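K.L.:
Below, each chain spelled out in residue letters.
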Amino acid sequence: DAGVIQSPRHEVTEMGQEVTLRCKPISGHDYLFWYRQTMMRGLELLIYFNNNVPIDDSGMPEDRFSAKMPNASFSTLKIQPSEPRDSAVYFCASSLLGVYNEQFFGPGTRLTVL
Amino acid sequence: TQLLEQSPQFLSIQEGENLTVYCNSSSVFSSLQWYRQEPGEGPVLLVTVVTGGEVKKLKRLTFQFGDARKDSSLHITAAQPGDTGLYLCAGLNNNAGNMLTFGGGTRLMVKP
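First to last, the protein sequences are chains A and B. By our numbering, the letter at position 91 of the first sequence is numbered 91, and the numbering carries on one by one without gaps. By our numbering, the letter at position 86 of the second sequence is numbered 86, and the numbering carries on one by one without gaps.
For the record, the hints were derived by calculation from the structure and aren't laboratory data. In this text the structure is predicted, and so the values were computed from the model without any measurement. All C-beta atoms in this analysis are idealised placements derived from N, C-alpha and C, irrespective of residue type, glycine included. Take the hints with a grain of salt, since some may be wrong.
[To be verified] Computed from the model, here is a short list of chain A residues facing chain B with C-beta under 8 Å: (1) 31; (2) 48; (3) 56; (4) 101; (5) 103; (6) 105; (7) 106; (8) 108.
[To be verified] According to the in silico footprint, chain A covers these stretches of chain B (three or more CB under 8 Å from chain A): (9) 36–42; (10) 45–59; (11) 99–107.
Using the sequences plus the hints, can you model the full thing?
P.N.:
Here is the structure:
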């Protein structure tokens, strides 16, 4: 079975540009999570969806960040406009409703904003 | 806000040595998970512990959940270079949504 798929794997852009990160969760999973990881702050939850509906976006840093999940097999995280401090690795993870909520992570997108 | 603190943050040891990583909180968790992350990849689940006092073994790795379900430890026996990576603990509180609270991680390097 395919795991969580993320694209692109690497993105280099200039400050002020729009960035769109993409995620395909594991088929049948009903939860989808977006995380950001940096050396300074570790792994931070940005937003998560249940059955395509955003449940908690309190981790989204500011209005420049937005996330959508138009259907059960696709989600996007958009940054507009991007800033150098947004440079990080962004992970998407999915899970199936259960007692333990074990999450399966994608390989991540390494974003560099110059 | 529930916080998980991991220690040590960094650990560099020689192949064959033993080590223990700690994950502590002042909050009670319904369950606790350990993940390992290798460079350039996402975290991968190693184990979930559920019951206070529970001990689980995965080859040379031993995981323990504290009696009060506030802390956990990971012990590696005879570490190998393949154990190198970032180890993350994550707590789940079923009464607070379906989110995991991640610790800051322990970065382990095992030198041959």
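K.L.:
So, as I understand it, the hint says residue 103 of chain A touches chain B; can you test that by seeing if any CB pair is closer than 8 Å?
P.N.:
holds (6 Å)
K.L.:
Residue 108 of chain A was flagged as interface toward chain B. Is the shortest Cβ-Cβ separation under 8 Å?
P.N.:
holds (5 Å)
K.L.:
Cut-off 8 Å, C-beta pairs, minimum 3 residues; does the coverage of the region 99–107 of chain B by chain A stand?
P.N.:
Our answer is that it holds, as 6 residues pass the Cβ test (under 8 Å) against chain A, meeting three.
K.L.:
Count residues of the region 36–42 of chain B with a Cβ under 8 Å from any Cβ of chain A, then say if the count reaches three.
P.N.:
holds (count 3)
K.L.:
Tell me if the interface restraint on residue 56 of chain A is satisfied: Cβ within less than 8 Å of some Cβ in chain B.
P.N.:
This hint holds: residue 56 of chain A lies near chain B, its Cβ roughly 6 Å from the closest one there, short of 8 Å.
K.L.:
Is the listed coverage of the region 45–59 of chain B by chain A valid when you require three or more residues with a beta carbon under 8 Å from a beta carbon of that chain?
P.N.:
holds (count 3)
K.L.:
With 8 Å as the cut and Cβ atoms as the points, is residue 101 of chain A at the interface with chain B?
P.N.:
OK, holds: residue 101 of chain A within 8 Å of chain B, min 5 Å.
K.L.:
Is the shortest C-beta separation between residue 31 of chain A and chain B less than 8 Å?
P.N.:
holds (6 Å)
K.L.:
Is the hint on residue 105 of chain A kept, meaning its closest Cβ partner in chain B is under 8 Å away?
P.N.:
With a closest approach of 3 Å, the residue 105 of chain A hint holds.
K.L.:
Does residue 48 of chain A pass the interface check with chain B, least Cβ-Cβ distance below 8 Å?
P.N.:
Residue 48 of chain A check passes; min Cβ-Cβ to chain B is 6 Å, inside 8 Å.
K.L.:
Under 8 Å, Cβ to Cβ, is where residue 106 of chain A needs to be relative to chain B, so tell me if that hint holds or is violated.
P.N.:
holds (5 Å)
Consistency with the previously given hints is maintained throughout, with no hint failing.
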